[in-house]
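Novice: Sequence:
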Amino acid sequence: MDILVIDDDPAVRLVLSRMLTALGHRHWAVPDSQAAHAVLKGLGSAAVLCDVELGREDGVELCLTIRRCFPRLRIALMTGNPAAARRGEEEGFGEALAKPFTIIELEKLLRELGADDLGGRPG
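Sequential numbering of the sequence shown, starting at 1, is according to the working numbering.
I should point out that these hints are in silico values taken from the structure, not numbers from a laboratory. Quick caveat, the model's predicted, so the values are computed rather than measured. We treat Cβ as the ideally placed atom computed from N, Cα and C, and that holds for glycine. Certain hints may be false.
Each computed EDC-like pair below joins lysine to aspartate or glutamate, with the alpha-carbon atoms no more than 20 Å apart [claimed, not checked]:
(1) Lys-108 to Glu-95
(2) Lys-41 to Asp-2
(3) Lys-99 to Glu-53
(4) Lys-99 to Glu-89
(5) Lys-99 to Asp-32
(6) Lys-99 to Glu-112
(7) Lys-99 to Asp-9
(8) Lys-41 to Glu-61
(9) Lys-108 to Glu-89
(10) Lys-99 to Asp-8
(11) Lys-108 to Asp-2
(12) Lys-99 to Glu-57
(13) Lys-99 to Asp-58
Derived DEER-like restraints, expressed as beta-carbon distance ranges [unchecked claim]:
(14) Ile-104 to Gly-80: 14 to 22 Å
(15) Gly-80 to Gly-42: 27 to 35 Å
(16) Asn-81 to Gly-24: 27 to 35 Å
(17) Asp-58 to Ala-38: 18 to 26 Å
(18) Gly-55 to Ala-98: 14 to 22 Å
(19) Pro-100 to Gly-55: 15 to 23 Å
(20) Leu-64 to Ala-22: 28 to 36 Å
(21) Ala-83 to Asp-8: 16 to 24 Å
(22) Arg-86 to Thr-21: 30 to 38 Å
(23) Arg-18 to Arg-68: 27 to 35 Å
(24) Ala-35 to Lys-99: 15 to 23 Å
Whenever a hint applies, use it, and build me the whole structure from the sequences.
Specialist: Next comes the structure, spelled out in structure tokens:
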């Protein structure tokens with residue numbers, strides 16, 4: 001599966017990149033909405049993992065825009081702030097992946113998003 005990671009924290013992007021590589025997924029890791037839109041234009045079937053709090057940007061608003069522009073993409077939120085996660089759930093993004101998370105939790109989320117249907121490591 002092609003996966004776009006959007007998180008303003010370089011350490012989170014690095015750890016997620018390593019996890020996604022270990023799970024056999026092609027991925028891009030970007031810090032903000034501008035970089036995300038540049039990558040999304042070139043993707044077909046993909047998933048987006050987006051932080052709820054992106055510095056000065058609102059990750060939920062970004063994901064609402066992505067969903068409007070790219071309705072076929074699968075989107076999941078991640079956050080270290082449980083209160084911020086509720087808004088994403090209210091907007092229909094499901095339960096956010098709680099930071100910090102393990103590779104097992106990430107793999108479970110990707111299965112729920114349909115990663116097995118779109119490629120990635122055989123399970």
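Novice: For each hint, tell me whether it holds in the structure or not.
Specialist: Cross-check of the supplied hints:
1. Lys-108 to Glu-95: Distance of about 12 Å is within 20 Å: holds.
2. Lys-41 to Asp-2: It holds: about 13 Å lies between the C-alpha atoms, which stays within 20 Å.
3. Lys-99 to Glu-53: Distance ~12 Å between Lys-99 and Glu-53 Cα, so the pair holds.
4. Lys-99 to Glu-89: Within the cut-off at roughly 16 Å; holds.
5. Lys-99 to Asp-32: holds (18 Å)
6. Lys-99 to Glu-112: It holds: about 18 Å lies between the C-alpha atoms, which stays within 20 Å.
7. Lys-99 to Asp-9: Status holds; Cα separation ~12 Å.
8. Lys-41 to Glu-61: holds (18 Å)
9. Lys-108 to Glu-89: The hint holds at about 18 Å.
10. Lys-99 to Asp-8: holds (14 Å)
11. Lys-108 to Asp-2: Cα-Cα ~16 Å, so holds.
12. Lys-99 to Glu-57: Within the cut-off at roughly 18 Å; holds.
13. Lys-99 to Asp-58: Roughly 17 Å between the alpha carbons, so the hint for Lys-99 and Asp-58 holds.
14. Ile-104 to Gly-80: 14 to 22 Å: holds (18 Å)
15. Gly-80 to Gly-42: 27 to 35 Å: Cβ of Gly-80 to Cβ of Gly-42: about 30 Å, so the range 27 to 35 Å holds.
16. Asn-81 to Gly-24: 27 to 35 Å: The hint (27 to 35 Å, Cβ to Cβ) holds, given that Asn-81 and Gly-24 are roughly 30 Å apart.
17. Asp-58 to Ala-38: 18 to 26 Å: holds (19 Å)
18. Gly-55 to Ala-98: 14 to 22 Å: holds (19 Å)
19. Pro-100 to Gly-55: 15 to 23 Å: Holds, at about 19 Å.
20. Leu-64 to Ala-22: 28 to 36 Å: holds (30 Å)
21. Ala-83 to Asp-8: 16 to 24 Å: Roughly 18 Å apart at Cβ, these two residues keep to the hinted range, so it holds.
22. Arg-86 to Thr-21: 30 to 38 Å: holds (31 Å)
23. Arg-18 to Arg-68: 27 to 35 Å: Holds - the Cβ-Cβ distance for Arg-18 and Arg-68, about 31 Å, lies within 27 to 35 Å.
24. Ala-35 to Lys-99: 15 to 23 Å: At roughly 20 Å between Cβ atoms, Lys-99 and Ala-35 fall inside 15 to 23 Å, so the hint holds.
In this structure, every one of the numbered hints holds.
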